[in-house]
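J.: If you want the building blocks of each chain, they are given just below.
There are 2 protein chains.
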Amino acid sequence: MKFSPALESLIEALRCLPGVGPRSAQRMSLHLLERDREGAETLAQSLTEAVEKIGHCSRCRNFAEETLCEICADPRRDRSTVCVVESPADVLALEQSASYRGVYFVLMGHLSPIDGIGPDDIGLDVFQRQVTDGEVKEVILATNPTVEGEATAYFLTDMLAGTGISLTRIAHGVPLGGELEYVDGSTLAHALSGRVPVDAQR
Amino acid sequence: MKFSPALESLIEALRCLPGVGPRSAQRMSLHLLERDREGAETLAQSLTEAVEKIGHCSRCRNFAEETLCEICADPRRDRSTVCVVESPADVLALEQSASYRGVYFVLMGHLSPIDGIGPDDIGLDVFQRQVTDGEVKEVILATNPTVEGEATAYFLTDMLAGTGISLTRIAHGVPLGGELEYVDGSTLAHALSGRVPVDAQR
Ligand SMILES: [Zn+2]
Ligand SMILES: [Zn+2]
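Listed in order, the protein sequences are those of chains A and B.
Read in order, the letters of the first sequence correspond to residues 1 to 202 in UniProt numbering.
Read in order, the letters of the second sequence correspond to residues 1 to 202 in UniProt numbering.
Warning: the hint list may mix true and false statements.
Ranges between beta-carbon positions, derived for each pair [as the list claims (entries may be wrong)]:
hint : chain 1 : residue 1 : chain 2 : residue 2 : range
1    : B       : Ile117    : A       : Glu8      : 24 to 32 Å
2    : A       : Lys2      : B       : Pro119    : 25 to 33 Å
3    : B       : Pro22     : A       : Ser58     : 49 to 57 Å
4    : B       : Asp120    : A       : Lys2      : 26 to 34 Å
Quick caveat, the hints were computed from the structure, so don't treat them as lab data.
All figures in this text were calculated on a predicted structure; none of them were measured in a lab.
Ideal Cβ positions, reconstructed from N, Cα and C, are used throughout, including at glycine.
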């Protein structure tokens, strides 16, 4: 005995969401069908639209619904400074700190040899071509202060050595082992203004 | 600064799921877009199909994709015994116990005057007409052992008084295989006051 086919399919499909196991998926399905069918329809439409409309910015790799994201398309942003982050959530967190006027490069991950994720998988080949075009003066490394984030930052440090580009790492205020997207705006503002040349950390 | 419109819509739409707050919705959205766009499309389709296809069984009110659910449509089920439960998940749990061959009536909730949920809202008007048609010999009350579930059971007891229908309540107590020290106090109190002579259990 199981639920009806369409209900079983829905329970199974909900498990694509992170942190949703069989029990949660069942509870969610029954809730939607018993109490929020309108919500279910809206969610279906939002999912379809998101997948259709959301691609990646051709410059910074962040999510975007046009060729360029809002930040890259904004002529008031300072293109000589590029902040490298792991995820779109990090861009949002930094933007909400309202302390940064440069542009970003979004890795959509970090180096992780154990998962087979190398430099090209996080766009570092693209990034290398971009930053050596002469316009970029400073690269701020804002990968997460985790093992993988640090390894990614070291890789970038090596990659940009000898290019003459000033390389900095946000440092003060971000707790080690913490994830950037959960840090409050003023702490992030402090970490940005207190950035130090990478050589000084060694 | 926010995410792009389609992404913000998706984050908002995911909040229709029980237990999903703004942070979880953001994490889920980014996960789907970064790593599981196929899962997102399947989920959208499953939601649409579930809302379109799944209605209620005209007899027992359980979810069904036809006029009658599988159980009500099964001629081998004993229609003289009706088990009253609160939710489709309860039907599934009882079916999985493989110990019941009667039919069900699914309230899709319980009496809750504080939320304005009265007898008609949980189908008791329909139920009263069904059980007094002469075919039903026994009604098993299997509402949850909560304040609302007990109140609903009491209401049904009053409703069926004098109809000649045998009325029973599923036994509550310490779960088999459960360890006494982990069973909550009110369950233990109930198990103690509802103790039965050992011979009667055989
Ligand atoms: Zn961009
Ligand atoms: Zn039915």
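J.: So, for every hint listed, does it hold in this structure?
T.: Structure-based check of each hint:
Distance hint check for Ile117/B and Glu8/A: the Cβ-Cβ separation is about 28 Å, which falls inside the suggested range of 24 to 32 Å. Between Lys2/A and Pro119/B the Cβ separation comes to about 31 Å, which falls inside the hinted range of 25 to 33 Å. The supplied range of 49 to 57 Å is broken by Pro22/B and Ser58/A, whose beta-carbon atoms lie about 29 Å from each other. The given range of 26 to 34 Å is respected by Asp120/B and Lys2/A, whose C-beta atoms sit roughly 30 Å from each other.
In summary, the structure is inconsistent with hint 3 from the numbered list given earlier, while agreeing with all the others.
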